[in-house]
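For the protein sequence lines, the chains are A, B and C, in the order given. The first sequence begins at 1 in this note's numbering and counts up one residue at a time. The second sequence begins at 1 in this note's numbering and counts up one residue at a time. The third sequence begins at 1 in this note's numbering and counts up one residue at a time.
No wet-lab data here; the hints were simulated from the structure. Fair warning: there could be bad hints in the mix.
The list that follows gives simulated cross-link-like pairs (lysine to any residue, SDA-like), each with its CA atoms no further than 25 Å apart [unchecked claim]:
{"hint": "1", "chain 1": "A", "residue 1": "Lys12", "chain 2": "B", "residue 2": "Phe249"}
{"hint": "2", "chain 1": "A", "residue 1": "Lys46", "chain 2": "B", "residue 2": "Ser253"}
{"hint": "3", "chain 1": "C", "residue 1": "Lys263", "chain 2": "C", "residue 2": "Lys244"}
{"hint": "4", "chain 1": "C", "residue 1": "Lys202", "chain 2": "B", "residue 2": "Lys110"}
{"hint": "5", "chain 1": "C", "residue 1": "Lys186", "chain 2": "B", "residue 2": "Leu248"}
{"hint": "6", "chain 1": "A", "residue 1": "Lys12", "chain 2": "B", "residue 2": "Leu248"}
{"hint": "7", "chain 1": "C", "residue 1": "Lys202", "chain 2": "B", "residue 2": "Leu53"}
{"hint": "8", "chain 1": "A", "residue 1": "Lys12", "chain 2": "B", "residue 2": "His80"}
{"hint": "9", "chain 1": "B", "residue 1": "Lys110", "chain 2": "A", "residue 2": "Lys135"}
{"hint": "10", "chain 1": "C", "residue 1": "Lys202", "chain 2": "B", "residue 2": "Phe36"}
{"hint": "11", "chain 1": "C", "residue 1": "Lys186", "chain 2": "B", "residue 2": "Ser279"}
{"hint": "12", "chain 1": "C", "residue 1": "Lys186", "chain 2": "B", "residue 2": "Leu53"}
{"hint": "13", "chain 1": "C", "residue 1": "Lys228", "chain 2": "B", "residue 2": "Phe36"}
{"hint": "14", "chain 1": "A", "residue 1": "Lys99", "chain 2": "A", "residue 2": "Lys135"}
{"hint": "15", "chain 1": "B", "residue 1": "Lys336", "chain 2": "A", "residue 2": "Ile242"}
{"hint": "16", "chain 1": "C", "residue 1": "Lys228", "chain 2": "B", "residue 2": "Phe249"}
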Amino acid sequence: MSGNPYQPFPVKITKIVSESDVEFTMTVDASLDMVPGQFFQISLPKIGEAPISISNYGKNWLQFTIRAVGRLTGAIQSLRVGENLFIRGPYGHGFPVEKLANSNLIIVAGGSGAAPVRPLVSQIVAGTLPVKSLKLITGFKSKESILFTEDIQSWKQKCDMTLTIDKPQEGWNGDTGLVTEHIRRLKLDLPDDYQVIVVGPPVMMKFATAEFRLLGVPVDNVWVSFERLMSCGLGKCGHCKIDSTYICVDGPVMNLSHASTLID
Amino acid sequence: MSAYDYSREEFAAVFAELQKTYQIYGPKRFVGRGRFSDTDLVRYAPLASLDELELAEKSSLSPKSLVFPADETIFHFNDHEFSQPQLKENGEIIVLLRPCDINGIARLDKMFLENGGQADPYYQRRRQRLHFFMIECRESFENCFCVSMKSNTTDNYEVALRFAGDRVAAQIKDQRYEGLFGQKGRAGSFSPEFVSENDKQVELPTVETMPAEMFNHKMWEEYDSRCIACGRCNTSCVTCSCFSTVDLFYADSRQCGERRRVWDGCHLDGFSDMAGGHSFRKNKGERMRFKAFHKIYDFRKRFGFDMCVGCGRCDDVCPEYISFSSCINKLSRTLKGGSDK
Amino acid sequence: MSLDLNRKTVTKNAFRITKRRNYTAIRIRVPGGHLNASQIARIAKIAEQFGDGNLHITTRQGFEIPNIPFAKMAEVNAALRPLIEELELEHGVKIDNPAAGYPAAGMRNISACIGNRTCPFANTDTTGLAQRIEAVVYPHDFHTKIAITGCPNDCIKAHMQDFGIIAICIPEYDYDQCIGCEACVKACQRKVTGALDMNGSKVVRDERRCIGCGECVLACPISAWTRKPGKYYRLLVMGRTGKKNPRLAMPFLDRVNEEVVTKVIANTMAYVDRYILRCLPKEHIGYIVDRTGFNVFRDEVLQGVVLNPEARMAKTIQWPGYNTLNDANLKTPK
Numbered sequence: 001m002s003g004n005p006y007q008p009f010p011v012k013i014t015k016i017v018s019e020s021d022v023e024f025t026m027t028v029d030a031s032l033d034m035v036p037g038q039f040f041q042i043s044l045p046k047i048g049e050a051p052i053s054i055s056n057y058g059k060n061w062l063q064f065t066i067r068a069v070g071r072l073t074g075a076i077q078s079l080r081v082g083e084n085l086f087i088r089g090p091y092g093h094g095f096p097v098e099k100l101a102n103s104n105l106i107i108v109a110g111g112s113g114a115a116p117v118r119p120l121v122s123q124i125v126a127g128t129l130p131v132k133s134l135k136l137i138t139g140f141k142s143k144e145s146i147l148f149t150e151d152i153q154s155w156k157q158k159c160d161m162t163l164t165i166d167k168p169q170e171g172w173n174g175d176t177g178l179v180t181e182h183i184r185r186l187k188l189d190l191p192d193d194y195q196v197i198v199v200g201p202p203v204m205m206k207f208a209t210a211e212f213r214l215l216g217v218p219v220d221n222v223w224v225s226f227e228r229l230m231s232c233g234l235g236k237c238g239h240c241k242i243d244s245t246y247i248c249v250d251g252p253v254m255n256l257s258h259a260s261t262l263i264d
Numbered sequence: 001m002s003a004y005d006y007s008r009e010e011f012a013a014v015f016a017e018l019q020k021t022y023q024i025y026g027p028k029r030f031v032g033r034g035r036f037s038d039t040d041l042v043r044y045a046p047l048a049s050l051d052e053l054e055l056a057e058k059s060s061l062s063p064k065s066l067v068f069p070a071d072e073t074i075f076h077f078n079d080h081e082f083s084q085p086q087l088k089e090n091g092e093i094i095v096l097l098r099p100c101d102i103n104g105i106a107r108l109d110k111m112f113l114e115n116g117g118q119a120d121p122y123y124q125r126r127r128q129r130l131h132f133f134m135i136e137c138r139e140s141f142e143n144c145f146c147v148s149m150k151s152n153t154t155d156n157y158e159v160a161l162r163f164a165g166d167r168v169a170a171q172i173k174d175q176r177y178e179g180l181f182g183q184k185g186r187a188g189s190f191s192p193e194f195v196s197e198n199d200k201q202v203e204l205p206t207v208e209t210m211p212a213e214m215f216n217h218k219m220w221e222e223y224d225s226r227c228i229a230c231g232r233c234n235t236s237c238v239t240c241s242c243f244s245t246v247d248l249f250y251a252d253s254r255q256c257g258e259r260r261r262v263w264d265g266c267h268l269d270g271f272s273d274m275a276g277g278h279s280f281r282k283n284k285g286e287r288m289r290f291k292a293f294h295k296i297y298d299f300r301k302r303f304g305f306d307m308c309v310g311c312g313r314c315d316d317v318c319p320e321y322i323s324f325s326s327c328i329n330k331l332s333r334t335l336k337g338g339s340d341k
Numbered sequence: 001m002s003l004d005l006n007r008k009t010v011t012k013n014a015f016r017i018t019k020r021r022n023y024t025a026i027r028i029r030v031p032g033g034h035l036n037a038s039q040i041a042r043i044a045k046i047a048e049q050f051g052d053g054n055l056h057i058t059t060r061q062g063f064e065i066p067n068i069p070f071a072k073m074a075e076v077n078a079a080l081r082p083l084i085e086e087l088e089l090e091h092g093v094k095i096d097n098p099a100a101g102y103p104a105a106g107m108r109n110i111s112a113c114i115g116n117r118t119c120p121f122a123n124t125d126t127t128g129l130a131q132r133i134e135a136v137v138y139p140h141d142f143h144t145k146i147a148i149t150g151c152p153n154d155c156i157k158a159h160m161q162d163f164g165i166i167a168i169c170i171p172e173y174d175y176d177q178c179i180g181c182e183a184c185v186k187a188c189q190r191k192v193t194g195a196l197d198m199n200g201s202k203v204v205r206d207e208r209r210c211i212g213c214g215e216c217v218l219a220c221p222i223s224a225w226t227r228k229p230g231k232y233y234r235l236l237v238m239g240r241t242g243k244k245n246p247r248l249a250m251p252f253l254d255r256v257n258e259e260v261v262t263k264v265i266a267n268t269m270a271y272v273d274r275y276i277l278r279c280l281p282k283e284h285i286g287y288i289v290d291r292t293g294f295n296v297f298r299d300e301v302l303q304g305v306v307l308n309p310e311a312r313m314a315k316t317i318q319w320p321g322y323n324t325l326n327d328a329n330l331k332t333p334k
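So here's chain A without its partners, still in its complex pose (with noise of 0.2 Å):
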C-alpha cells in the first residue's frame, strides 16, 4: 500500500503563537504546494484526527490557527516546539485566486473565518497576489477574541480595513457591530466589478451573503468557505456529503451560486 492516502507525516513545530485565550497559531516545517483556502487532515497519534485550514504558509513553513476545543485540539495545544505534528494535505479547493487576481475584491471574514483567509490577504499585501483594490471586513466577538493582531496591524496600513467587534467593550474605540451592519455601508458604483469572499460561522455567512446580493454583487462573484466534520478529507467517510457535494473534494471553498444550494 504505497501511497497510502490515509497516513499523515510528521512536521516539526517551530513555533507556537497564542492568539486568544482558546486560539493558538502552530508554525511547522513543511515545503508543500498548496492554494490559500485549501486545509489539511492534522492528527496527533493516540489522539485523532480532524481538519484545520491553512491559516498561513511560506516555501518552507506552513501555519494553523487551532482553537483549543476538543480532545484532539487540546492535546495539540500541549505540544512544544520541535516536536512533531502530524498532517497530510493539502486538501480541498482553495479561493479562485485566477478569479481573484486584478480584481476589485472585498473579504469578510467571522471568527476563526479569518485563519482560511489570512494567506489570501498576506499575499495580497505582500503583492504577490496582485489585486485592483481590496476592502477586509473582520469581526470578532470581542476583543479578546481578536486573531492575528499583528497582521491586522500591518493589514490596515496597507489596505482599507474594518475591524469590529460584535458589541460595545470597555478600552474598545474602533469599530463595533456585526459584519452585516459594516457590509451594508459600503458603497459599491459598480457591483459587478467585485468579486467577494466571506467565511465565517453559517449563521454569519447566510446573512452576510445576502447582504452583498441586496448591494447587487452577482451571485457568482461571492465565494463562500464551509466547515464541516472530516473524517478523511478524501471523499469516502461521508460526513461533510451536503446533497451530491462533498465539502473536502468540491469544496471547501465555493461558490455562492452552488453553496446557497445546500442545505445540511
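Model the placement of chains B and C on the given structure of chain A, informed by the hints.
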C-alpha cells in the same frame, strides 16, 4: 458459458473442492445470537461447509463487512512511525450473495474506489480478492423492493447458483471454474432467473433538482419522534459507507496505539457534530431526510444511479417500525402535490 | 343437612373451605400461566356446570371456581381430568390417578411472566421452565411458592417468592464488530446498573455489576453484543408476604443453569422434610430457614449439585423486610 446440474451431495463435494483454494463466505445462521432470546442471527461469515449456507432467511447484516469491516485498524503507530496492518488472510474469497447485494457492492465501489478521485486502499485490497457467486433469487423476502430500484438483476458474477430442494444448478461465467464444476456435474441448461415482482413497490422521485422546500417539509417531522437514532438502518444497509476514525493507545504500552475506522451512520448522534458543539442535524426527521435524499436522489446526481438497492433490511430491522419504502412513496406523493400522509 | 368432610383430605385435593357452608371452590393449576383457548373453555364449562358461572383468576395465575357444592367434588374431579392431563401429565408431572383430581395443594401454582414467547426483554421461555419445574416439584404438600420471570425487570415479582427465578443472560462482546455508538452504555446507565462504560471507542463490562438483563444485546445495532449460548438464572430465595415478617427474596445463586436451579429446589423439599416443625399446623419454608440459619440451608440444598463454571453464590444473606410488630409505629394523624 456453461451450466451443470448436481445433487446436493455432489455440489457439497464441489463446495469442498473450492474450499481448497478459496475461503467461502455466505449468509450463515448463528443460533441464539439474535437480538431477542432464542432467536437467531443471520449474517455473512465464512462457511465451513455447504450446510452452513442459510437460504431461508434474509441476513440482517449485509455482506458489506467483507469489503468494509465494521471496525478496521488502518495504522499501528508508535511515537514516531506508522505501519499498516496486513490482512489476516490474503487468500481469494468466494462470496455467495444475491443480486441486490452484488449491486450494493457496486455502489460501495463508486464511493471507495472513485469518489474524490482516488481509491481507498483498505477497501481496494479487500475488494480485489472477492469473487461473486450469485445466489439466484426468484422470490422476494419480506420488505424487498429491489425491482423498483432496478437492482433485482445483475450479470456481475462469476458463477450463478440455484438451490432447489436437493438439487443444485450452476451457471459458469468464468472459465477458471470450468474444470472443477464440470468434473462433478452433468451438463445442464441453467440460466438464472430474477425476481420480477415484489410485494412492496416504491415510486421514485423523478426531480432533477430537489425543491428547496422539501428539505424542511413537514413530512419529515413525524420521524422526529418516531426515530430513536439507533442506527440499525445504517448498519444493516449494504450501501451505507460512512465511517469515523478513532485513535487508541494500548493500556500497557502507552507509546503504541492504533488508528481505526469504524462504521458511522447519519442517524446516529454525533454524526454531524463539529468540535465546539455545533450539530447540523439535531432532529431525527432531518436525519431521515438526509438519508432518504442520499439513497434515492443525490447519489444519483453524482453517480448516475440510485444508491438504495431495495434490499429492505432497514425496514426489517427498525425497532420502531419505520418503513423506508413507505417514506420514499410519501416523498414522491408529496413532490407531486399529493398528501404526505 | 351438613356434610361430614375430612377437611385435610379435601384441602389436599385443591378444594377449599369457603365462607358459604357446604360449598367449596376448586383451584386449577396453570403452570407458567399459559394455556390455550380450549382449556379455558373447559374451565368455563366447569364453572357453569358445577358452580354459579363465575370464576376467579388467582394471584398465582391459576383459576379458582367458587360456589361449587361439596357434593359435586367427584364430578368436578372427573371434569378436571383432561385439564390435568394436558397441563400436568403432558409436561411430565407424575400423578397416579388423574381422575381423582389434584393430589396436592401445598406446592402452589408456579407462576411466570409471559416470557420470551412474546416479550422482547425475556431471556427465556418462562412458561416452559415453569412446566419443567412443575414436573420436579409437584405433587408436594409443603407450602412453597415459586415464580419465574424472564428478566430482571421481575414483572412476576419473583422477589416475593420462596423461590424467585430470574432468567438472565451472559452478554458476550464481539470487539471487532463494535462501532462504539454507545447505545449499550447509555441503555445500561439509564435503565440498569451502569455495568458498561466506554474505554476509548470500545466498551468494557464490569462483570461484577452486570445483572444479565440483556439490555445491551437489545440496544446494539450491529449484534456486537449477543447472548452466550445456554440459559442462565439468578435464584432468589425466601421472600414472603404474610402477617409476621414480609420480606424480599434475595439472590442465593447467580448465573446458574437450569439443572442447578431444579436440583436446589428439589433438595429444598428434602431439607424442609428434615427440619419442619411438625407440631405446628404448618410452618412456612422461610421460617424454617430462619431457624436453621442460612448456612445449614445452603449446605443441604447444594448437596449433589454441580455448579456450572459461570455460577456465583451469596456468601451470606440479609433479607430486607420488616416485622409487622412495627405497626405500633402507625398512629392516627391529628
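We went through each hint and held it up to the structure:
1. Lys12(A) x Phe249(B): holds, 22 Å
2. Lys46(A) x Ser253(B): holds, 11 Å
3. Lys263(C) x Lys244(C): With Cα atoms ~29 Å apart, lysine 263(C) and lysine 244(C) exceed 25 Å; violated.
4. Lys202(C) x Lys110(B): With Cα atoms ~30 Å apart, lysine 202(C) and lysine 110(B) exceed 25 Å; violated.
5. Lys186(C) x Leu248(B): The hint holds at about 21 Å.
6. Lys12(A) x Leu248(B): holds, 23 Å
7. Lys202(C) x Leu53(B): violated, 31 Å
8. Lys12(A) x His80(B): holds, 12 Å
9. Lys110(B) x Lys135(A): violated, 43 Å
10. Lys202(C) x Phe36(B): holds, 23 Å
11. Lys186(C) x Ser279(B): holds, 20 Å
12. Lys186(C) x Leu53(B): Violated: lysine 186(C) and leucine 53(B) sit about 35 Å apart, past 25 Å.
13. Lys228(C) x Phe36(B): holds, 12 Å
14. Lys99(A) x Lys135(A): holds, 16 Å
15. Lys336(B) x Ile242(A): Given pair lysine 336(B), isoleucine 242(A) holds - Cα atoms ~24 Å apart, limit 25 Å.
16. Lys228(C) x Phe249(B): Since the Cα atoms of lysine 228(C) and phenylalanine 249(B) sit roughly 29 Å apart, the hinted pair is violated (cutoff 25 Å).
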